[in-house]
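> One letter stands for each residue in the lines below.
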Amino acid sequence: MSSRVLTDFDLLLPGSLEEALEILDRERGAVTVLSGGTDLLVMMKAGFEADKVMSLALLGDLNRLEFDSATGLRIGARTTLAQLVDSPEVRQHYPALWQSARIFATPQLRNTATVVGNLLRGSPAGDCSAAVAALGGTLVMATAGGGRREIDIDDLWVSYGVTARADNELAVELRLPAPDSGTASAFKRLTRVNEDLAKLNVAVCLQMDGDTCKSARFAMGCVAPTMIRLPAAEAIVQGAKVDDETLARAAEAVQQDISPIDDKRSTAEYRRSVAGVYLKRAVQQACGFA
Amino acid sequence: MTELKTVGKSIERVDIKAKVLGTAVYAADIKLPGMLHGKIVRCFEHAHAKVVHLDLSAAAAVPGVVKVLGPKDVTSKTYNQSVIDLMASKTEGAMLGDIEEQHIFTEHVKFWGDGIAGIIAVSEEVAERAAKLVRVEYEPLPVYITPEESGHPEAVQFTPHKPGNRAFQLPEEMFPGNALGWGDVDKAFEEADLVIEDTFYTPKQKQCQMEPNSYVALYDDSNRLNCWTSGQMPKLVHEKIARLFDLPMSRVTIHQTVVGGGFGARLGMVLEPEICAMALAVPGRPVKIQQPREEDWLTSPSRHPARYWMKIGFRKDGTPLAVDAKSVNFKGGYYLDGSALASTTGFWLQGMYKFENLRYKGESYFTNQPVCGAFRGYGNPQTNFVLEQMIERACVQLDLDPLEWRRKWHKETGDMSWLNATPYTSCALNDCLDRGAEVIGWAQKRKKYANQTGPKRRGIGVAVGNHTSGAFPMILEHTTCTVRLNEDASATVLVACSDMGQGAHTSLTQIAAETLGWPIEDVRLETGDSDANGFDIGAHASRTLYVGGAAIMKACQDARGQLLDRAARILKVNRDELDIDNKTIFVEGEPERSVSAVDICRTGIYNFIDHATGLPEGELGQIQAYVSYKPDQNSPPFFATFVELEVDTETGEVELLELVSSHDIGKAIHPAICEGQMEGGAQQGLGMVLTEEMYFDERGFAINNSFTDYKMLGASDMPKMTSILVENGDPYGPFGAKSVGEAGVVTPVGATANAIYQATGIQFTQGPITPEKILHEIRKRGLTYD
Ligand SMILES: Cc1cc2nc3c(=O)[nH]c(=O)nc-3n(C[C@H](O)[C@H](O)[C@H](O)COP(=O)(O)OP(=O)(O)OC[C@H]3O[C@@H](n4cnc5c(N)ncnc54)[C@H](O)[C@@H]3O)c2cc1C
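Top line first, the protein sequences correspond to chains A and B. Sequential numbering from -10 applies to the first sequence in the working numbering. Sequential numbering from 156 applies to the second sequence in the working numbering.
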């Protein structure tokens, strides 16, 4: 049962990245990072006790959104969904990500919620998470004393709500690879009503050579404890001509990749029934024959 | 009739500025000096249990806790949080079996979240911290979710008054055979060419009014109990609270704050007993309860979930020979308005079509779920979901046009209405059907969608209904009104009618202004103070405009008459030769023979002696008029809804394309408000049929008592909507008006189900019709229209 009253906590407001990293180093697991807070505050109202909360609000230079056609997209830890939606480059070069940001929640939420927060919540329903999992990329982690490591998106989610982030690490930036002329991507989701968390979401990214798919990354949410890739389906599409027959086989193959359950938002039966349909539609949308 | 000046116009709402600017004062906004905070300790360990031992000592020891209250620290009197029982006579109430079995804090937990104790502290935070320290030992009891479980002979009894946990069935004394209706249903089925039969389920839907529940109470230094609440029936709550705490009504004041939506959730009491018990425990100090939204799902009544069986027999030509039906609803933990819903569900059935024979049985069983009570439509959307789908099925099987069938067989002016006691006073349903069908393009689309291929299938559906304007003659109807003309002739109208956001205060002001002949600025409604206002039932049964409006109209006619009488004496003419314009009273045809209404009103109050004559300058007395008004009709409005949608047969998803509702309003006092009611109603009706349901796990714990997982349609989910007001006038309603408050929710339910039927060839009997259910059936049966 939620409460109208948050439990007591200390709010830490570092004024620089160095200070933030020092706090994390000193406090280790005892401090919880607050970015947009759209996940964290909901959890705290529902009883999650965070004694110390470190806000990133004063770390202004973390909200960058920079595109370079050679190196790709850099998304700062404080970059909001609204910033993505407003970016013509994201819209043009990373349709899956842009679409996931555009349908995300409500304008109020989009002004507050961050892409990186979505990844680090570690929810199997995260919409940007699905898009990033399909597009591929790395999350840059910083530690005190100038330490840096990059976590491949494929290695980020360990289990439900658990990520590969060490407790002295702060995610500072998300890097997405540069697209080439044959890159096609798309995102789709199913919800109970439009403004809702997904009961199933899917993102696809294909490197196309004419009608033929050179390589593919498919990600699906709400069908396993974490956001997952769909290797069986990817294998069928890779190297094949993307036509109705291939897509039908890929849609079939999804069944091997997923292990959905019944929960508040839908049923395992339903998710199994629509997973293939939605994968097929996402690929069709990406390749422009929706 | 002379030309109307404000009635019929969409004037600026009287409450709009304060609401838009955020200055309107809701109960949650109230802060009084020295105010304490109350917290109700609820049982979240069990949905059914006995409290064996309650230890409040650790909670009481928390610094800042002022008082802890267990069941024995508050009145031992029992009550019924609903107020419907007050509206039946003693004899009738006894026949219906109304009971008062609720305790402020219970020792027999009947649903997950039932209140067991109270904490009063200096802050909400302290109260909450203390609540966590309450130690309770429970004896768990078996959890009953269905009537079969709770009705089992060995089941634990919820109350000794209701053997077998049957909260209600239509009483034999009033309904022989425990059934309502007429004719010989069984015999009629033998003659029928087509008999169809099915069992449906309608979900536990929540009102989700925008304002969460907040209350403030103060037992003040003059020994009066004050309660600030946004209840929609303040006068009946006034009496209930006085009774519960053995106080004369003169020592209880209910201050009605701005009401942020009701839809039935605030019909009667929600936490008024708890907050008043707390205030009485700390005399002289105000106490406030602000309930988290999640608890509102558990503590204010929802729509009754119900199982609804129906069997209908037709002749080949479509003649509806007989209907036999039984609805069994899941009452939740307490009785509340237990006698009402199972009855009205059948009333809406008997009021709709010209069945030659009809039999309906209604029952209600206690279950270990949060309480059920009033919800906009009061059984009508449930009946619409079932009846309109059954009619549709019959039309398909008999190859009859569903629109034509409805046009032919619906009840009409003069036919017996829903209670089978008074005739319909007016009916414009055929106009509603004609105009709605034209706007949505019914004939073309219906034909076009009969043959489709591909994964996306469209459907168009229609449903009709009628409702009531007030509760006459089923239960009590009564509104009092006092009109006072001020020194400058402007009017103060004292009336207890509630504006729950539906706009009633605006429409009622229009009626007063129109009747008096004054501009709207010169009329003020004084509401919300149980001392100042006389009796009014409150907002339910779509009665406020029809009954409250008529009471105001009568009182204003009286005040106007008094004014004209005085003018007649001054002008030395008969009263009926006079007319009023712009606050000037003049002899018709001789406008120069006139007297100012302001002068008459002023002289009545500032009544000086004319020194020249030694006589008063005019008649003494502030003009006041009073009525106690009981209607003798209920002018039911009729209505029709058309829904067009598209079903994605690969995912079961429904996309709503267009909704057209037409409503036989009689006369729209404020057209924009009427349209608002229709659109808001459509949103709730569509929610009921498509997405909204409270559900529980096998322990009886609520799974989705929050907006995260209880899904209402948002603005972007809504279809294009058109609301058509058919204004043919009713002979009884004020200015010819009939109700519109509840109606809007009803027919979107049946029309949507029927549109899904046309699109898929499948009828869904279990609401809400989710993509999960649609896809499951499509996979199982295939698209039967293929
Ligand atoms: C009404 C509502 C609607 C929503 N709708 C959607 C939706 O449509 N789709 C969807 O996917 N989600 C939705 N969400 C969930 C939520 O908004 C997203 O997950 C959002 O992206 C989280 O971002 P944030 O910045 O608010 O994260 P926060 O709540 O601040 O943080 C989330 C988690 O990540 C950690 N974290 C954040 N930033 C860092 C960092 N830089 N380094 C280390 N750890 C970090 C935090 O400690 C926390 O555990 C919704 C939430 C609400 C309340």
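FYI, nobody ran anything at the bench for these hints, they're computed from the structure. For each residue, glycine too, the CB sits at the ideal point set by N, CA and C. Please note that a few of the clues may not be correct.
Claimed, not checked - From chain B, some residues computed to sit far from chain A (all C-beta separations above 12 Å): (1) E280; (2) T577; (3) Y850.
Claimed, not checked - So, partial list: chain B residues that the calculated Cβ filter (under 10 Å) puts toward chain A: (4) R197; (5) F199; (6) R284; (7) E801; (8) D803; (9) T806; (10) G842; (11) L845; (12) D864; (13) S871; (14) P874; (15) T877; (16) I917; (17) Q921.
Claimed, not checked - With a cut-off of at most 25 Å between alpha-carbon atoms, the simulated DMTMM-like pairs for lysine to aspartate or glutamate come out as follows: (18) B:K287 x A:D(-1); (19) A:K230 x B:E805; (20) B:K186 x A:D233; (21) B:K875 x A:D(-1); (22) B:K928 x A:D75; (23) A:K253 x B:E805; (24) A:K253 x B:D339; (25) A:K34 x B:E559; (26) B:K466 x B:E366; (27) B:K822 x B:D803; (28) A:K34 x B:E366; (29) A:K253 x B:D754; (30) A:K253 x B:E927; (31) A:K253 x B:D348; (32) B:K785 x B:D686; (33) B:K611 x A:D(-1); (34) B:K516 x B:D754; (35) B:K600 x B:D570; (36) A:K34 x B:D686; (37) A:K34 x B:E932; (38) B:K928 x A:D14; (39) B:K928 x A:D251.
> Holds or violated: is there a CB of chain A closer than 10 Å to the CB of B:R197?
8 Å, holds
> A:K34 and B:E932 were given as a pair; does the straight-line alpha-carbon distance stay at or below 25 Å?
39 Å, violated
> Examine each Cβ of chain A, and state whether all of them lie more than 12 Å from the Cβ of B:Y850.
9 Å, violated
> With a cut-off of 25 Å on the C-alpha distance, tell me whether B:K875 and A:D(-1) pass.
Status violated; Cα separation ~49 Å.
> Let's test the interface hint: is any C-beta of chain A closer than 10 Å to that of B:D803?
9 Å, holds
> Just to be careful, I want the Cα atoms of A:K34 and B:E559 compared with a cutoff of 25 Å; is the pair within it?
55 Å, violated
> Given the hint that B:K928 pairs with A:D75, test it: the Cα-Cα distance must not exceed 25 Å.
With Cα atoms ~38 Å apart, B:K928 and A:D75 exceed 25 Å; violated.
> Within a Cα-Cα threshold of 25 Å, do B:K611 and A:D(-1) meet the stated pairing?
It is violated: about 54 Å lies between the C-alpha atoms, which goes past 25 Å.
> Does B:D754 sit within 25 Å of B:K516, going by the straight-line distance between their CA atoms?
Violated, at about 62 Å.
> Measure nothing beyond the straight line between the CA atoms of B:K785 and B:D686; if it is 25 Å or shorter, mark the hint as holding.
The hint holds at about 21 Å.
> Is the Cα-Cα distance between B:K928 and A:D251 25 Å or less?
Given pair B:K928, A:D251 holds - Cα atoms ~14 Å apart, limit 25 Å.
> At a threshold of 10 Å, is the proposed contact between B:D864 and chain A supported by beta-carbon distances?
For B:D864, the interface hint holds, since the closest Cβ of chain A sits about 5 Å away, which is under 10 Å.
Of the numbered hints given earlier, the model fails hints 1, 3, 7, 14, 15, 16, 17, 20, 21, 22, 24, 25, 26, 27, 29, 31, 33, 34, 35, 36, 37 and 38; all others are met.
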